[in-house]
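For reference, the chains in residue letters:
Number of protein chains: 6
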Amino acid sequence: MLRGIYPGRFQPFHLGHLEVLKWGLNKVDELIVLVGSAQESHTLTNPFTAGERIEMIRGTLIENEIDLSKIIIIPIPDILMNSVWAHHVSMYVPSFSILFARNPLVVRIFKEAGYSTIIPPAFNREKYNSTLIRKLMITNGNWKDLVSESTYTFIKSIKGDERLKEIVGSDK
Amino acid sequence: MLRGIYPGRFQPFHLGHLEVLKWGLNKVDELIVLVGSAQESHTLTNPFTAGERIEMIRGTLIENEIDLSKIIIIPIPDILMNSVWAHHVSMYVPSFSILFARNPLVVRIFKEAGYSTIIPPAFNREKYNSTLIRKLMITNGNWKDLVSESTYTFIKSIKGDERLKEIVGSDK
Amino acid sequence: MLRGIYPGRFQPFHLGHLEVLKWGLNKVDELIVLVGSAQESHTLTNPFTAGERIEMIRGTLIENEIDLSKIIIIPIPDILMNSVWAHHVSMYVPSFSILFARNPLVVRIFKEAGYSTIIPPAFNREKYNSTLIRKLMITNGNWKDLVSESTYTFIKSIKGDERLKEIVGSDK
Amino acid sequence: MLRGIYPGRFQPFHLGHLEVLKWGLNKVDELIVLVGSAQESHTLTNPFTAGERIEMIRGTLIENEIDLSKIIIIPIPDILMNSVWAHHVSMYVPSFSILFARNPLVVRIFKEAGYSTIIPPAFNREKYNSTLIRKLMITNGNWKDLVSESTYTFIKSIKGDERLKEIVGSDK
Amino acid sequence: MLRGIYPGRFQPFHLGHLEVLKWGLNKVDELIVLVGSAQESHTLTNPFTAGERIEMIRGTLIENEIDLSKIIIIPIPDILMNSVWAHHVSMYVPSFSILFARNPLVVRIFKEAGYSTIIPPAFNREKYNSTLIRKLMITNGNWKDLVSESTYTFIKSIKGDERLKEIVGSDK
Amino acid sequence: MLRGIYPGRFQPFHLGHLEVLKWGLNKVDELIVLVGSAQESHTLTNPFTAGERIEMIRGTLIENEIDLSKIIIIPIPDILMNSVWAHHVSMYVPSFSILFARNPLVVRIFKEAGYSTIIPPAFNREKYNSTLIRKLMITNGNWKDLVSESTYTFIKSIKGDERLKEIVGSDK
Chain H
1 MLRGIYPGRF QPFHLGHLEV LKWGLNKVDE LIVLVGSAQE SHTLTNPFTA
51 GERIEMIRGT LIENEIDLSK IIIIPIPDIL MNSVWAHHVS MYVPSFSILF
101 ARNPLVVRIF KEAGYSTIIP PAFNREKYNS TLIRKLMITN GNWKDLVSES
151 TYTFIKSIKG DERLKEIVGS DK
Chain X
173 MLRGIYPGRF QPFHLGHLEV LKWGLNKVDE LIVLVGSAQE SHTLTNPFTA
223 GERIEMIRGT LIENEIDLSK IIIIPIPDIL MNSVWAHHVS MYVPSFSILF
273 ARNPLVVRIF KEAGYSTIIP PAFNREKYNS TLIRKLMITN GNWKDLVSES
323 TYTFIKSIKG DERLKEIVGS DK
Chain W
345 MLRGIYPGRF QPFHLGHLEV LKWGLNKVDE LIVLVGSAQE SHTLTNPFTA
395 GERIEMIRGT LIENEIDLSK IIIIPIPDIL MNSVWAHHVS MYVPSFSILF
445 ARNPLVVRIF KEAGYSTIIP PAFNREKYNS TLIRKLMITN GNWKDLVSES
495 TYTFIKSIKG DERLKEIVGS DK
Chain A
517 MLRGIYPGRF QPFHLGHLEV LKWGLNKVDE LIVLVGSAQE SHTLTNPFTA
567 GERIEMIRGT LIENEIDLSK IIIIPIPDIL MNSVWAHHVS MYVPSFSILF
617 ARNPLVVRIF KEAGYSTIIP PAFNREKYNS TLIRKLMITN GNWKDLVSES
667 TYTFIKSIKG DERLKEIVGS DK
Chain B
689 MLRGIYPGRF QPFHLGHLEV LKWGLNKVDE LIVLVGSAQE SHTLTNPFTA
739 GERIEMIRGT LIENEIDLSK IIIIPIPDIL MNSVWAHHVS MYVPSFSILF
789 ARNPLVVRIF KEAGYSTIIP PAFNREKYNS TLIRKLMITN GNWKDLVSES
839 TYTFIKSIKG DERLKEIVGS DK
Chain D
861 MLRGIYPGRF QPFHLGHLEV LKWGLNKVDE LIVLVGSAQE SHTLTNPFTA
911 GERIEMIRGT LIENEIDLSK IIIIPIPDIL MNSVWAHHVS MYVPSFSILF
961 ARNPLVVRIF KEAGYSTIIP PAFNREKYNS TLIRKLMITN GNWKDLVSES
1011 TYTFIKSIKG DERLKEIVGS DK
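Chains as they are written, first to last, in this note's numbering: chain H, 1 to 172; chain X, 173 to 344; chain W, 345 to 516; chain A, 517 to 688; chain B, 689 to 860; chain D, 861 to 1032.
Derived from the structure by calculation, the hints contain no laboratory data. Bear in mind that the values here come from a model prediction, so they are computed numbers and not experimental data. Built from N, CA and C at the ideal position, the CB exists for glycine as well. Mixed in with the good hints there might be a few duds.
[Unchecked claim] Beta-carbon label-pair distances, calculated as ranges: (1) Ile979(D) x Ile462(W): 39 to 45 Å; (2) Lys144(H) x Thr991(D): 40 to 46 Å; (3) Ile979(D) x Ile118(H): 51 to 57 Å; (4) Thr131(H) x Glu925(D): 37 to 43 Å; (5) Thr45(H) x Asp239(X): 31 to 37 Å; (6) Pro121(H) x Asp239(X): 31 to 37 Å; (7) Thr303(X) x Asn473(W): 31 to 37 Å; (8) Gly286(X) x Asn447(W): 37 to 43 Å.
Construct the complete structure from the given sequences, taking the supplied hints into account.
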């Protein structure tokens, strides 16, 4: 049994994330999708709750007929201690041996903790990019084709794009 | 889509838990299994990490040919504020409408937060009981038949019963 | 302007607390009532939220025609560092110079922080005692005369005594 | 009994805040003034402790002959979980039904938690503005007429404007 | 350069601790003395602050002419996550390779984190025992000969034994 | 016995810090070196763990033949409550009476807590400056002469400058 882990904040989960997930799932028996900053929501960089993000991920996987039984989605709150973060993660999830991540700091922290890491391909990051999608939500741009149909429907159903605009409008 | 939630500490996950899970899954489309006290491990009442408990649950479900795609297993750390606990939970998990729980305080807290609750049947609680199983582990009693085969094998593979004995032997 | 501070958990606020409060108010211009363990509720020793306890205190003061404008009620969450507790308190409340408390440790901690302290008289502690009142609530005993009328009515209106019984019944 | 809640950081409490408070008090029987970010002080955006802010509010109310017995001032520390914030607040304060706030995010968070909200008029926000007042304190500008007399005297007595300048001068 | 670590709460530091320390120092070039539960004080099991405990240790070492330059005393607050504790410790202290500890759980946690461990001899634990010394302080027993002269003088100078009696007398 | 305290983050410890330390040690019997933000590491402003910083300080002191027995190095995690910070510090360290610090806010916070403070000379701050050294590490500039030989060797041995570059390269 070979397990990999794929960390992200998924604000929101988009088609680029889906490509990484499919690519990673090909390399392992089971893939842990780690939903980071799980305690955050209703902010500019983290508008959606962990639960909402999990619904997006599951909906997208079902829509794409990916075997849910091989995917383990785990939300994890931040701890503000980078040097123990990889160990903190390993407490919350089934045992794993491979990290899939592009972020050099994340790669280093897991390497220091003894994990092997594989850097996934970029999958058109200029187009599929959470920061860009959040901007498009705020400016009434076209973000529909950057996420799965189910994610688009879900975000609309919880008025997630309106939430983002309200956060922008807040003077705090 | 009807979702239910089934909270527990699952130290360890035993056959009584499995019965509640199967019974609950019959009543909803998807069932969230909430792994509480997720930050704890290596204590007398919480010997196993959240990740280890998730492995027990998944192994038991696979062994019993239960459709994993309908089960959402979520670890959640304690917050020490009972009056916001149900709201805290709802931040970490997909939206749900029904709680399955026997504990009167848990039932009350979720009722106060607006959820409907169903009390599951007892399923032989005297026999299938985590406290009892932990005691049997410590005293070299027979706990093998109280958990699934895969859970037994898993606990043995991580020397979980030895860990419990070491905790008992600690003078702190 | 002379201010005093009177700390307690007030689970619930009873007629003995009222006597201390009136006695203390006689000695100062304004009295701070510090509602401790403010983050706790729904437990055996802390069944009521801070907000509920504040309602009890205000209701009792109005019922007894005590000048509310001289009373400052402040909830404060626990910090688990005794040696900085008095300084933590002084951050949350208007400046004060006198502590009213019987608990020797509380007295010492505030003395070490440079405050003067006065020990209030006992006011029939065997009868007016929060632990006892909580026990009477659980056993359907007679606790009505140990709290003010408004507090009794308030606790009944939020079914506070039933909440306590549910906590007792919980197997966690 | 109709209660409203008016949240703010009040760094410092100024005459615009006073107008909102008087306007809100007209609409309810009792008004909760929620002093947010209560754990913070000695920073550029939060120079004053919660206790100091409470003194400003009380002093201003007395100076303006507003009935203190209808005002409930409650300090509340931040929690970094927006989605449970309204529920966290409701734990610390007497029960309320109406929120008075202009900030769109605050409005949304309380609406999602089931409260009704009323947006207060702006009351000359360009003039009465805490950020501006803090800037005037730092630059030795004229901020005296933007706060009540008692608040001005209080801030001077604790050398609050000097504290702000020292914070600006800090190289951390 | 070989470094060892010796964890304890040292409430108070006694002559048995001194023996372990001397024994351990013989086995390594430098010895880290880890003062645990550093955030606690003024309780029955943790009466002394971390700073006070550090003064006891330094005083005892000087009195016994042990080379202070080979001893690194580090206070560390608790985290309530046993499975990351060893990693948490390693963030706060210079790198080390050997643990000196008798507590089976501590030994296991550090072993799981990849450290080697040596169990020190018992050095008359029935006599030199912090729990016993605290009891003797409370009952006016003879504890003078169980700690170093400088520790005895220090505890007397801060009235540490009186503090313990006040904690016992507290009704919280 | 006169003790002073010298707080800093020491990211990294450089020759300017060393000058302050020597200057301070001349004024007291023992000097506490307080390593702040001890929980942080692997960030742009706090790349090194507390343990790594302690190794730099000890190495530099040994290299400069300063008597280690007069220096007490204590790591301390941040608390986000400025008004209790000085009291928090005093809990973790042996008693002291003099603060050595240049930062006006730190000076004020300790003065408010009753300590006397001495402002050390600047010792060529334009040259010896942690922010500058971190920038030089990132840009492959010459920082070797700004730290002690042992600190340079130590940082190289843990690949600390590479860690900083990876942090810069991170897209989070």
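How the hints compare with the structure:
1. Distance hint check: the CB atoms of isoleucine 979(D) and isoleucine 462(W) are about 40 Å apart, consistent with the given range 39 to 45 Å.
2. The beta-carbon spacing between lysine 144(H) and threonine 991(D), approximately 44 Å, falls within the hinted interval of 40 to 46 Å.
3. Between isoleucine 979(D) and isoleucine 118(H) the beta carbons are some 53 Å apart, a value that agrees with the proposed interval 51 to 57 Å.
4. Between threonine 131(H) and glutamate 925(D) the CB atoms are about 53 Å apart, so this pair departs from the stated range of 37 to 43 Å.
5. A hinted range of 31 to 37 Å holds for the C-beta pair threonine 45(H) and aspartate 239(X), which are about 36 Å apart.
6. Evaluation of the 31 to 37 Å hint for proline 121(H) and aspartate 239(X) yields a pass: the beta carbon distance comes to about 32 Å.
7. Hint check: threonine 303(X) to asparagine 473(W), Cβ distance near 33 Å, so the stated range 31 to 37 Å holds.
8. Taking 37 to 43 Å as the suggested C-beta distance range, the pair glycine 286(X) and asparagine 447(W) conforms, at roughly 39 Å.
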